[in-house]
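*Asks:* Protein chains in written order, with the working numbering: chain A, 1 to 400; chain B, 1 to 400.
A portion of the hints provided could be inaccurate.
What the simulated footprint calls covered on chain A by chain B, stretch by stretch (three residues with Cβ under 8 Å from a Cβ of chain B suffice, anywhere in the stretch; the number is not a length) [as the list claims (entries may be wrong)]:
id	stretch
1	34 to 45
2	55 to 64
3	340 to 351
Just some of the chain B residues that point at chain A, by a computed CB distance under 8 Å [as the list claims (entries may be wrong)]:
id	residue
4	41
5	60
6	64
Calculated from the structure, these hints are not laboratory results. Heads up, the beta-carbon is just placed ideally off N, CA and C, and yes, glycines get one too.
What follows is each chain in one-letter form.
There are 2 protein chains.
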Amino acid sequence: MANPDKIRAVAERVMKMAQQGNQMVVVLSAMSGETNRFVDLAGQMQQIPDPREMDMLLSSGEQVTISLFAMAVKNAGLDAISLLGDQVKIHTNTRHTKARITNVDPELITAQLNMGKIVVVAGFQGVTDDGHITTLGRGGSDTTAVALAAALKADACEIFTDVDGVYTTDPNIYPKARKIDKITYDEMLELASLGAKVLDIRCVSLAKSHNVPLHVRSTFTDTEGTWVVEENEEMEALPVSGVTYNKNEARITISKVPDTPGTATQIFSPISDAGIIVDMIIQNTRSSDLTDMTFTVPLTDYDQAIEIITDVAKEVGAESFNGDKDIAKISIVGVGMRNHAGIASTLFKVLSKEGINIMMITTSEIKVSCVIAEKYTELAVRSLHDAFELDKDVLPVGEQ
Amino acid sequence: MANPDKIRAVAERVMKMAQQGNQMVVVLSAMSGETNRFVDLAGQMQQIPDPREMDMLLSSGEQVTISLFAMAVKNAGLDAISLLGDQVKIHTNTRHTKARITNVDPELITAQLNMGKIVVVAGFQGVTDDGHITTLGRGGSDTTAVALAAALKADACEIFTDVDGVYTTDPNIYPKARKIDKITYDEMLELASLGAKVLDIRCVSLAKSHNVPLHVRSTFTDTEGTWVVEENEEMEALPVSGVTYNKNEARITISKVPDTPGTATQIFSPISDAGIIVDMIIQNTRSSDLTDMTFTVPLTDYDQAIEIITDVAKEVGAESFNGDKDIAKISIVGVGMRNHAGIASTLFKVLSKEGINIMMITTSEIKVSCVIAEKYTELAVRSLHDAFELDKDVLPVGEQ
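The shape of chain A in the complex, shown without the other chains (with noise of 0.2 Å):
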């Protein structure tokens, strides 16, 4: 929610929409900059923000966009109500800043819809059984959404974003790039989790598991955006939906670690408990002792991760250890893989074809992930969107 404007062109949308027969709940968050702007009070208040008090302040942000978009409502005519979490009862865990739902009272909501009016509930936030206000970090306001929708039985979630959809791969990159119509929940679940920031995890997940249908759409146009749904047989016709990169990565390897049990717990507990997130590991056997240990860590945490590794490759007796900011992660995403043999076998053919080497690979049932240098990221964006045809339109079933 960027602005006045903003919240008027979605509120005549929604309006649109319950004027052909709909009963609408819609779920805002805040103004865009007021979390920044409440972000730096709180930092010229307390070192580190108390995480109750933060979630009192943060959950401010809402309260103004949902008053404002009834507001905005009411002046057309119709009728509105503004709802806060603690008013719908959004009850969620006491983890303050970043709660998770926990259960959602569908009664206040159906009683106001039943009166007529479209119902405009402040998203991000929920209330503990205490009766403390919190927030639910990350993605907040659409898990709201898909939390409500599920306990209401909508028959959609709308996510109105910035862009029309999602995409076959990053337009800035590729303008070949096609908005996808249809993609399943764990193609997207795979798709955020690689980076594409349209939809949070926790979102889909949730919307996974009550089976949500969602629909992610532009606030600014009419036109359709993409529905994330249940796998259908139509969508295991294309073997690949998307195209993904992450520059955000660095690479560590330690070279001739004497290959004993409890090496890798040696390793890694040292950067887990830093709080670094190690994302790939391969380990490539050179001899029956010797091993070499390859991983990938968040690129804002590689020094830190190097420094720890200078001590561990001592203890573990490594020969040597190396470390790479210039890599780029290139995944390829679909449902259809598991019924299509040798996408992985492409994708190696696609990158040797161009002359990129691979320096790791890690793959799962609906996904191949490799490690290339940074440098040839668009050109392998490019290649492996050409070379499974995402430009083109989904082919009927049968067709393929």
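Given chain A, work out where chain B should sit, using these hints.
*Replies:* Relative to the frame of chain A, chain B by itself:
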């Protein structure tokens, strides 16, 4: 609450008092400028903003200051908790944007105080029995503070303001104005109704009915301010406590009105129906059947009032009417008046000696007000201040 610096300044003073062994409850208003910002945003959404949604919007302002305040306290190593009006349970009626407090639950605050916390409460807001957020309108945060002080049976309610107390008159007009150490609720009520802006009438009235001692003092200095308390003998020693003026009224006179029953109703009903508040009314009988009717209205309503009177004067058969926007109301206030004869006549003598004509006079038990030409305002205030020796300290009882 102007800004983060001011929040920190007040937090430091509150902490000092807490460390001296006092249980402290702090009531805060929104940061200055916020209310205007919200009113502006609301105006962009709805021509006449919905009152229920306006309250939802406005009440977010204190949510920001109370959480920041609690952070500032915690940063200094003491414990604090911020509470909203609906968390405390500050019950109000349902008149959105100008609700009245009906009841305050002291339990939650008492429990938090007993846990050693400084309790930081959002002023200006409450909650209806149906769970809707309300705001209290003008003087709201001060009223909240007094209501809490009453419910908690507090020793006193300290009101931190931009000025360091209540003065014998406006120091901008007369530098000899002296800060009053103690004043009665009734005097303060008169001063507030006469235009002294330091305290709202509702707040003083509530303090009086629950006998809560008020201490009006500066946010920025440690010096004692003005105590507003029950009347005692000492306070009756001085006949006059203060001189006030109000330039925001205008006079209207209807001449030679036939003096028949119902004439006053014919004149004042349409004025009142237009939402115009008439302050002073005097009636001079010219003869057995003709009378002159003079009254004052707020300056901002003058043009509308004249329009109404143009019609009304014809209807009641008056000979003519005229008005004057360049007037001022000068008042002297003091509980001591009851026991000191001749206060009014001293006032008349002083003004007459300066050649100031008195147009209208009204009196109450502890007040004399008169309307004069606006240009004499400052002269009248200074002369009366001198005549009643308001620049001198209160004398001990018996030495008067």
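*Asks:* Now look at each hint and say whether the structure bears it out.
*Replies:* Results for each hint:
1. 34 to 45: holds (count 5)
2. 55 to 64: It holds: at least three residues are needed, and the stretch 55 to 64 of chain A offers 7 whose Cβ sits within less than 8 Å of chain B.
3. 340 to 351: With 0 residues in contact (Cβ-Cβ under 8 Å with chain B), the coverage given for the stretch 340 to 351 of chain A is violated.
4. 41: holds, 6 Å
5. 60: Holds, because the Cβ-Cβ distance from residue 60 (chain B) to chain A comes to roughly 4 Å (cut-off 8 Å).
6. 64: holds, 5 Å
Violated hints amount to a single one, hint 3; each of the other numbered hints is respected by the structure.
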